[in-house]
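Listed below, chain by chain, are the residues.
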Amino acid sequence: MSALTAVMTREAKIRATNLLFIFWDLLYPLGYLLVFGVGINASLGFSSGDAAVDYNGFFLAGVLSMASFGIASNTSWSFFLDRDNGIFYEMLTYPMSRSEYLVGKVLFNVLIGVLQGLITVLLAAILLGVRLRPAGLPLLALGMTVGTAGWFFFYAIFALLIRRNDAFNTVNSICYFIFLFASSVFYPLDPLPAAYRTIAYANPITWQVDLLRYATVGLGDPARVALESGAFVVFTLAAFGAAVLALRQQE
Amino acid sequence: MPDIAIRVDHLVKDFGGRFRARTRAVDDLSFSVTRGTIFGLLGPNGAGKTTTLRVLTTLVRPTSGDARVMGFDVVRQPTDVRCNIVVVIQEHAAELLLSVRDNLLTFARFYGQSGAAIRRCADRVMDEFGLMPEANRKAQDLSGGFRRRIQVAKVFMVDTPVVFLDEFSTGMDPILKRTVMDRLRRETARGRTIVLTTQVLSEAEDLCDDILIIDKGRQVARGDLNALKLLTARICEVTVTFDTAPGNIDAVLSAFQPISVRTSQNTVHITLKDEEARALELAMALAAHHRVLRLEINGASLEDIFIELTQKGAPS
Chain W
1 MSALTAVMTR
11 EAKIRATNLL
21 FIFWDLLYPL
31 GYLLVFGVGI
41 NASLGFSSGD
51 AAVDYNGFFL
61 AGVLSMASFG
71 IASNTSWSFF
81 LDRDNGIFYE
91 MLTYPMSRSE
101 YLVGKVLFNV
111 LIGVLQGLIT
121 VLLAAILLGV
131 RLRPAGLPLL
141 ALGMTVGTAG
151 WFFFYAIFAL
161 LIRRNDAFNT
171 VNSICYFIFL
181 FASSVFYPLD
191 PLPAAYRTIA
201 YANPITWQVD
211 LLRYATVGLG
221 DPARVALESG
231 AFVVFTLAAF
241 GAAVLALRQQ
251 E
Chain Z
1 MPDIAIRVDH
11 LVKDFGGRFR
21 ARTRAVDDLS
31 FSVTRGTIFG
41 LLGPNGAGKT
51 TTLRVLTTLV
61 RPTSGDARVM
71 GFDVVRQPTD
81 VRCNIVVVIQ
91 EHAAELLLSV
101 RDNLLTFARF
111 YGQSGAAIRR
121 CADRVMDEFG
131 LMPEANRKAQ
141 DLSGGFRRRI
151 QVAKVFMVDT
161 PVVFLDEFST
171 GMDPILKRTV
181 MDRLRRETAR
191 GRTIVLTTQV
201 LSEAEDLCDD
211 ILIIDKGRQV
221 ARGDLNALKL
231 LTARICEVTV
241 TFDTAPGNID
251 AVLSAFQPIS
261 VRTSQNTVHI
271 TLKDEEARAL
281 ELAMALAAHH
291 RVLRLEINGA
301 SLEDIFIELT
311 QKGAPS
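Sequence lines, in order, name chains W and Z.
Per my numbering, the very first residue in the first sequence carries number 1; after that it's consecutive.
Per my numbering, the very first residue in the second sequence carries number 1; after that it's consecutive.
No lab work stands behind these hints, which were simulated from the structure alone.
Note that the structure is predicted; figures quoted are calculated from it, not measured.
From the three backbone atoms N, C-alpha and C, an ideal C-beta is built for every residue, glycine too.
There could be a bad hint or two in this list.
One-sided excerpt, in silico: chain Z residues whose CB lies under 7 Å from chain W [what the hints assert, rightly or not]:
no., residue
1, Thr-57
2, Cys-83
3, Glu-95
4, Arg-109
5, Phe-110
6, Val-292
7, Glu-296
8, Ile-297
With the hints as constraints, model all of the structure from the sequences given.
Structure, rendered in structure tokens:
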């Protein structure tokens, strides 16, 4: 068994033998869509400029990116757990490079992200009647793959560099607050004040959401989506480089 | 195959730097470890034992100097080094969210093992370590002692040529400790090399073929137990048991300038750096004050040697 497979098998074992993880990984985003999305859709109404897309359809991409973000955040928390009980350092002496360790972890989480995305999209179509764009499914898988990897590497930097649990939790909460709310996850950005809009467009989660929204329901300008996707790939590569560097500095 | 499993040349490791005061944890340390031996790395807290181990296990990079494990350089060939070692670190490291059995299987998979063979191996190891009744319980639901068992049991799931054990017996009951020590001896007979650090000097005395004592990152003494005893040949240990608690014997003792004195109920343990005749004189002086029930005069134990060498510096 290769090192990558061994890392992925370890992650799979941990997930598969803990029911809470299965719930969190696979059903939590759908729950968000059903409770929050349906509530907003029914009580406030929504206009996307496309009569075929209601709030459920609009919010689906936001939920998918929240799923990527949530997987990354939970996995980086597991770095802390592993480090607290020492297994993290012991694993660094196993026969593999540190990059293999990181890549193995991200591959498994990407797999979960894509699976979670597919389940969410399928059930959104069946339960909420969201009209999906079948041609966009490969783009959706790509968006979930790169998105989950990008956020995983981004969070891994903090998880590896910050030593104290309380400090990491604070950073985690700030990231959640800023990234999710100053973005296009919950609402369209165009009606917002200019300063707010600028921050939101500079937010990598907006780049991912816009790609996923275009892939699922066809909303958005293709040229802008292409530009944002390129920016997200650069963000992912930079985060990967920084995470590998942080992992090499573990002493 | 090389006869030398580990070679360390002029190893230096500094911590700190740009914004913090620089601390030298390992200072120009050189030694080698022969294959198929049990090598003990001893020293007081902060001596640099764990740092040396962390360099050899590729967890930290040395500041300067060379270190090789089975011929592989720890800086330039870290993955090759890792393929040849198994490490039990100081903390009670276990996969908390996995069962005992999955802890062992997961570990073995990293070393390229799979299939029915590792399941059989896991069963055998769990049986040996008294883990079978807990096989399906998650490590997080077990006590620290059981987690330590899992951690040490993993060593016997794989067959790497070098084993590093950092304070391996912490939290182990004496029976299990004896089992592990016997098993370690059998492993060296099969050609495996064991490197251990320990604060329990009787453990090192029982196990180690070769001992390196370090302090402040530097070598203080090196050799097997007999060679170390030669370094402190004039140390002896006097144990006197009185019929009642000995009361004030400080005046008698101070005339003999003991290295250490330890009293437990009616018994006094005195370490003297002197000729054995002087030890007899001391015993007679004590007998003049109290009735002596039992008298024992021994050569230095590893603990005496250790205290002598690390507290007062190596003998000239």
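The hints, checked one at a time:
1. Thr-57: holds, 5 Å
2. Cys-83: holds, 4 Å
3. Glu-95: holds, 6 Å
4. Arg-109: holds, 4 Å
5. Phe-110: holds, 4 Å
6. Val-292: violated, 49 Å
7. Glu-296: Interface hint status for Z/Glu-296: violated (41 Å vs cutoff 7 Å).
8. Ile-297: At 44 Å from the nearest chain W Cβ, Z/Ile-297 fails the 7 Å test, so the hint is violated.
The structure fails to meet hints 6, 7, 8 from the earlier list, while all remaining hints are met.
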